[in-house]
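Chains A and V, in that order, give the protein sequences.
Taking this note's numbering, the leading residue of the first sequence gets 1, the next gets one more, and so forth.
Taking this note's numbering, the leading residue of the second sequence gets 1, the next gets one more, and so forth.
No lab work stands behind these hints: they were computed from the structure.
Hints may contain errors.
Claimed, not checked - Below, in silico cross-link-like pairs of lysine to aspartate or glutamate (EDC-like), each with a Cα-Cα straight-line distance of 20 Å or less:
no., chain 1, residue 1, chain 2, residue 2
1, A, K252, A, D206
2, V, K70, A, D248
3, V, K334, A, D248
4, V, K383, A, D206
5, V, K334, A, D78
6, V, K334, A, D206
7, V, K287, V, D203
8, V, K95, V, E157
9, V, K70, V, D28
Remember, predicted model here, so these are calculated numbers, not experimental data.
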Amino acid sequence: MAKNIQSLERAAAMLRLLAGGERRLGLSDIASALGLAKATAHGILRTLQHEGFVEQDPGSGRYQLGAELLRLGTTYLDVHELRARALVWTDDLARSSGEAVYLGVLHQHGVLIVHHVFRPDDSRQVLEVGAMQPLHSTALGKVLAATDPVAHAELVDAKREPFTSRTISDLDDVERILELTRAQGYAVDNEETLDGVASVAAPIYDRRRMAVGSVGITGAVERVCRDGELRAELIAAVRDTARSVSRDLGAKPF
Amino acid sequence: MTDSHAGPFIAAIDQGTTSSRCIIFDRDGRIVSVDQKEHAQIFPKPGWVEHDAAEIWKNVQDVVAGAMVKAGASREDILAIGITNQRETTMLWDKHTGKPVHNAIVWQDTRTDVKVRELGGDIGQDRFRRQTGLPLAAYFAGPKIAWLLDNVPGLRERAEAGDLLFGTMDSWVIWNLTGGVNGGVHVTDVTNASRTLLMNLDDLQWNPEIAAEMGVPMQVLPEIRSSSEVYGTVTGGPMGGLLAGVPVASALGDQQAALFGQTCFSIGEAKSTYGTGTFMLMNTGEKLIHSESGLITTVGYRIGEQDPVYALEGSIAVTGSLVQWMRDQMGLIKTAAEIETLAMTVEDNGGAYFVPAFSGLFAPYWRSDARGVIAGLTRYVTKAHIARAVLEATAWQTREISDAMIKDSGDDLLTLKVDGGMTSNNLLMQFLADVLDAPVVRPMVAETTCLGAAYAAGLAVGFWDSVEDLRANWRRAAEWTPDMDPEVRDREYQNWLKAVQRTMGWIEE
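Bound-form chain V, shown alone (with noise of 0.2 Å):
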């Protein structure tokens, strides 16, 4: 029994999208404490969301001090601290006060719409895709520096004083943890800088044409570092006096830490994150794979002055939402878990396939004028079938990533390593197997994000010695094995296909 908590430690900070987490872990990568604040989600306008980055802040320092007492861990404790963070959320603030200028746009705000399809111009969406590895949507920093810029009055006159910074909130966080004003270091890490449309893939750097493209002064731009090494240390302010000294040495994008959490080091390794929409990465290692399905080119990590690791990245926005709507919209269960019970009353889905393009479709078709639809319905069919379709439809919707990650990878998938809250529906893991014919497997600690931002940062510290100290750290606590016959895997499989079809051109634009 290892039950008793003695340090060292490590802390990771999770700057989410609804909260903000701090998570101590031991050598063992087992969880010592946990502490959790959610900040408010601002709606100025129908498609608009925005959070109070100096509220993230202050929640940050709370939970970091929460988390300490918790564990009863003190300052000599704790080896290092890292960060994960939600991906894209922009922001800028005034280096001489620290004092944010503007709310944070958050990923999912959809104003800069218009301006992405105006820099696409006659090549459309692609126009950077061979640079930075992304597609021209909405999501992405860049576009939501320059709306900042040209629309908050006297901004973009401060930007081109260097009195202005901007950061994603890995940014926000370190600088703040660094100092602030008094000397706070100004970075980013390589897979949050893949995330702005501004930097090359290929030399990691900044690239001042699309800057310039773009509007974006290259002075507010961070220096881009490695995912995995000290960038400072805790300095001043209330956080300087519960942890001065102790080094900041992780950032990571949250998807790409929970690859790094799930010990994907290898190539062909990949990790899928069953929440409300699905994330999946493949690691691609020192490839970088520029898709012909529509999957996105991004940076997995990279530790220290090593090689960066690129990864594919497929995301599929609707999958445990279907539950949800299922439950609220529906009424048919009256919890998410209910999902499992009435899909298990029917031996398959009578017939029925669910594709849940609520707002088009995404990797690897890309259609907006998809909408969803429920096919295949006859007399026979019964909610419970449609339960059985609503989950199954997660599994083929993966199934498609994976087939465009084998497809432009060329490696096989050989395991999914999977977490999120979908992996305690046993029904859906194990048709999530069968579907991909390959084993599908969940390790014990489910807080992946945390603990891949904790591993990076203590790797940049010593605390562990290398990524084969991680491997070992890995435990599996379940694995669902494939067994279907190949002829129905391949039938249903086109019935599925067949499904997707019938969504596509239904908005006429």
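The following block holds chain A by itself, in its conformation from the complex (with noise of 0.2 Å):
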């Protein structure tokens, strides 16, 4: 058998000491219980508290298990409780950019909409809770690919349809694309699904980092693109928007 990782071993040893019941202790309490020298206790606790395993009473200095821990049973966000603190930013953008709103999550092959903001003019909408969009020539679904390990794989599996003459299906061509959402915060659908409609998406993360879903406008070209390309201004209002509601998530800006 390999050999375990030290550090990790103390760890989960210092997790056990302080399971159980309502326990707080000291740090020389919890070195001397391992038989670890103070600084080496302190390094392993200082990490734990990092990621949220651990935290600690601000007035005794003393440790406990941290929050962190109860939600690892329970890690998924459910797709309502984000569309419900999505609501007043949506909103928002759907109002200052003139442009209806999208929030999208990973649902088996594709895009699942949870949630669909009009455009504020007075025509004539169908509300589209509920559908589904490819993930590889959509926005909203690059992004996730982006951003998503199981996205990714979803993407490379599947059959990358070409919906219009833009559309990008090639491999390779579709990885350089996410590379660059990646590098760039943002993704682009320009003519990709639909000819004569382009949009624009940004992820929102959790407050673990992980990203959670996708927030995106979608219009006539003639109205979100200039000289061929996505409006600057309409890419800042979305990723204002997908850090606002992550912020509203727990995320944080760093």
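From the two separate chains plus the hints, produce the assembled complex.
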């Protein structure tokens, strides 16, 4: 059997020590119970604290189990919770951009639309909540594939159907686009899913810095593009919204 | 893109049950900034709820200043201030010192139960309904004034001597904003006055006979004004330093403000606000409709010298709070939003119906002997079916109110405009459209209450020219269209009504 990683074993021992009831222990208690030098124990505790597995009581300086441990068992964010948190921000995005707003999450092999705000004109529109969109051609899908490894795997396995003459289907080309998406923090769909329609989307992160969804706007190229490119102010507005929703979910800005 | 906000603006103060807020709006009705501060809930005895009105006035000043700073706005940018408030909460203050003489008695407070039963006498709760549109109930302000005068030593003498002023929170905030002891104006608006049990609905004047019967001296009562006119200007104190000379130009009870903010300006237009409980109001125009179906008749709003616009109101005690009950008492979900996730794991309610008559049935039944039931249980039913039944309960209760409104008014419900926290529940909103057989629409500005106060204030100072201007600002964020087989709708409604019957008579008096 391969040798185990000692610091992980020690961290596990600390968590067991702190587990069980309302236990709070000081640094010296923990160090002596595990036969460690105080400096060593402190280093491990600080790492655990940074990850949220351990919390330090500000008054006594003693350590206890952190809230993150409780959340480990229930990791996924409820999509309806996501919609409820995103509501005010997405309304404001629709209002300021003048375009329809969509919120998507990974579901099976594509993007599930969990929230949709109408374009703020008086035209008749149909609520698209519950609809599925493809991963490889839409801005929402590209963002998910670029930020969530599971979505990426789905995209690699998918058929990547060419919907328009501008759809990017070749895997190497798609990977380059995903890399660009990761670098710039947003993705664009410029008539790649529907002729005449363009969109831009950005990722939403939760408090564990995991991508949980994507938010974006979709509209006619005549309105949302200038000189064939997505308008910069629309990209900025979408990214602002994604940051605001992420902040509401507890994501730190670093 | 219109993301940069430049004045002029309208400021709206929302003096609510748990907090005071100030929201600053621009000409398009978009939110520029928000500030909010909670105040203490005081529970001296079971069933009693009070607020410290001095704390509330301090918080109001803080949030106005806070919202101004966040908006980067100066006095010149603010063209008017509007007010909306928790309805019926009652206070008295000394007009010479400006100090409250007792904590405010909050609308939920039930201490006047006995008093209102006495007032009903042989006739019962409908004794003043013809004149005031209201049933005798502990919520309303008039009996709360009488309670204070009868139970706090010395107050009745001071009231008779003309030293005390009564107000709902709109009056208190306006009096303070316009100078307080140095010439503050003592007014209320028609919507707030319509919740006192003391105002005639037809001529919008205080009713001296009812006041005498209730033991409320006329001299404590404020002047009744419209909902949208300049009552005075900001004068003196810290607010004077910040906003001296700015007109105070609207007052509306919170539910009426939401009706206004949802731009329900035509007969038959209705809004429903889905919070812990639900309040649905339907515009009935200049028609004063006396409900045959247990609804309340109230003033919707009055703009300046125009004719008043009346409304029918139905309230549902338990809607969002049923979801909270599932979360906190039953532990079936971890967050309120998860109710939708759980409910969506099944296709239908599995035959189960949940009537949350936790404290009796409200409109249109008014049965205090009813208690909650879950009907139609079989071995087949899972927690997911119950989750569906929970959401359906909110929709069916809305349907009952809407049926009563249609019956009383003779107007059809064309669309229902919704707001409040539960509108983020897509499954519920679709089911609501299905059972009402009418489109359900959600506006883009969720803060309809503050928006209504801002609109009424803006109209009064000419910031907006007409209600048509306001309609043009209204934006649809989502619309759910009915998609249910009429046979299924009828069958399900019959089942619901059967379940409702099973709640009645549980409490034996």
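Hints and how they fare:
1. Straight-line distance between C-alpha atoms of K252(A) and D206(A) comes to about 9 Å, which keeps the hinted pair within the 20 Å bound.
2. Annotation: proposed proximity of K70(V) to D248(A) holds, straight-line Cα distance about 19 Å (limit 20 Å).
3. Between K334(V) and D248(A), the direct Cα distance comes to roughly 18 Å. Compliance with the 20 Å bound is thereby established for this hinted pair.
4. Of the pairs offered as hints, the one joining K383(V) and D206(A) is violated, with about 28 Å between alpha carbons and a cut-off of 20 Å exceeded.
5. Pair hint K334(V) plus D78(A) holds up; C-alpha atoms about 10 Å apart against a cutoff of 20 Å.
6. Between K334(V) and D206(A), the direct Cα distance comes to roughly 17 Å. Compliance with the 20 Å bound is thereby established for this hinted pair.
7. Distance check on the hinted pair: K287(V) and D203(V) sit about 13 Å apart at the alpha-carbon level, within 20 Å; holds.
8. Of the pairs offered as hints, the one joining K95(V) and E157(V) holds, with about 14 Å between alpha carbons and a cut-off of 20 Å not exceeded.
9. With a C-alpha separation of about 19 Å, the suggested pairing of K70(V) with D28(V) holds against the 20 Å cut-off.
Of the numbered hints listed earlier, the single one contradicted by the structure is hint 4.
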